[in-house]
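K.L.:
If you want the building blocks of each chain, they are given just below.
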Amino acid sequence: MHELSITQSMLEIVLKQAEQARAKKVTKINLVIGELTGVVSDSVQFYLDFLTKDTIAEGAAVSVTLLPSQAKCRTCNQTFKLEEFDWTCPHCQGNIVDVISGKELLVESIEVE
Amino acid sequence: MEIKVLKDILGANEQLAAKNRELLDSKKVFAVNVMASPGAGKTSVVLQTIKALKGKVRIGVIEGDIASSIDAETVAKEGVPVVQINTGGECHLEAIQIQNALNNLPLADIDLLLIENVGNLVCPAEFSLGEHLKILIASVPEGDDKPYKYPLMFNTVDALVLNKIDLLPYVKFNVDTFTKTVKNINTKVEIFKMSCTTGEGVQAWAKWLTAKMKLK
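If you read the protein sequences in the order shown, they are chains A and B. Going by my numbering, the first sequence opens with residue 1, and the numbers climb by one from there. Going by my numbering, the second sequence opens with residue 1, and the numbers climb by one from there.
Among the hints, a few may not be true.
To be verified - In the SDA-like style, the derived pairs of lysine to any residue whose C-alpha atoms are separated by at most 20 Å in a straight line are:
(1) B:K207 <-> B:D111
(2) B:K4 <-> A:T75
(3) B:K7 <-> A:L15
(4) B:K28 <-> B:D111
(5) B:K180 <-> A:T75
(6) B:K7 <-> A:T75
Hints listed in this document are in silico derivations from the structure and should not be mistaken for laboratory results. In this text the structure is predicted, and so the values were computed from the model without any measurement.
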């Protein structure tokens, strides 16, 4: 059910932007989703189809760019991909790391007519 | 035609959370977002915290559940102000629901507000409520592999209570492995071992919490 409220918030942003651009129709919504958020793009599309009925975004397709989870080590300053079972820096074995990518949830752009 | 947007989908929630935080700060209320999977012992930890701090800290509670007011009724018996939020299917609390709940609580008479989130290790991690601390209750029967499966939740919290340690002799749960995994994902997290049944570990937790409140 997580995706329902996210899709609602996303649609508010989309409709506001489309209105400002005086668009007649929204055909595509491009999202950027970080891997760590666990948001399922199929669910987003499902809720969107339901929520956009009778709006100018009815029938819009969702395209998702999935961002991998990455961290930066505070000890050696190198970045690395976060593995599922271990958030230890593979370069220096340090374990104080900052997540620098993977928590994103953005409307990147919309395609309108 | 393509229009660049680049807007955070959770931005609206973040703005409301910031407003909640302002209100809480102005009323000198310290708020804690209590998260866990269903059955880990959120309500039990809330009750133990109320008992441990009785007479020292004035507590208020917000209970978040998909349905029912069972938890609110249990907590109300302790004589503290409580507001129940039923999310009606939604799997997490959002800032707007907290805003409404805050309007229904006597904030001037509350020092510590415990917000019991909906039982879930996924979505609550992403929705700020305006709280000062995020804590996670994990419990022994859930298994020591949970940090692997829900890294964002384990990464987000300031403190973790490992509840039901009285069951350790009966359950395959390696406390050292668990602690090490949690620390790998979140180096700053404080870990408290607790049993709400025997009361073990409750005082250490209550002491840390009150110290945090004073630091604010």
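K.L.:
All the hints need checking, so say for each whether the structure fits it.
P.N.:
Going down the list of hints, with the structure as the test:
Taking the CA atoms of B:K207 and B:D111, the gap is near 15 Å; set against the 20 Å cutoff, the hint holds. At roughly 36 Å between alpha-carbon atoms, B:K4 and A:T75 are farther apart than 20 Å, so this suggested pair is violated. The suggested pairing of B:K7 with A:L15 holds, with an alpha-carbon distance near 13 Å, which does not exceed 20 Å. The suggested pairing of B:K28 with B:D111 holds, with an alpha-carbon distance near 7 Å, which does not exceed 20 Å.
A C-alpha spacing of about 19 Å is found between B:K180 and A:T75, which places the hinted pair at or below 20 Å, so the restraint holds. Proposed proximity of B:K7 and A:T75 is contradicted: the alpha carbons are some 32 Å apart, above 20 Å.
In summary, the structure is inconsistent with hints 2 and 6 from the numbered list given earlier, while agreeing with the others.
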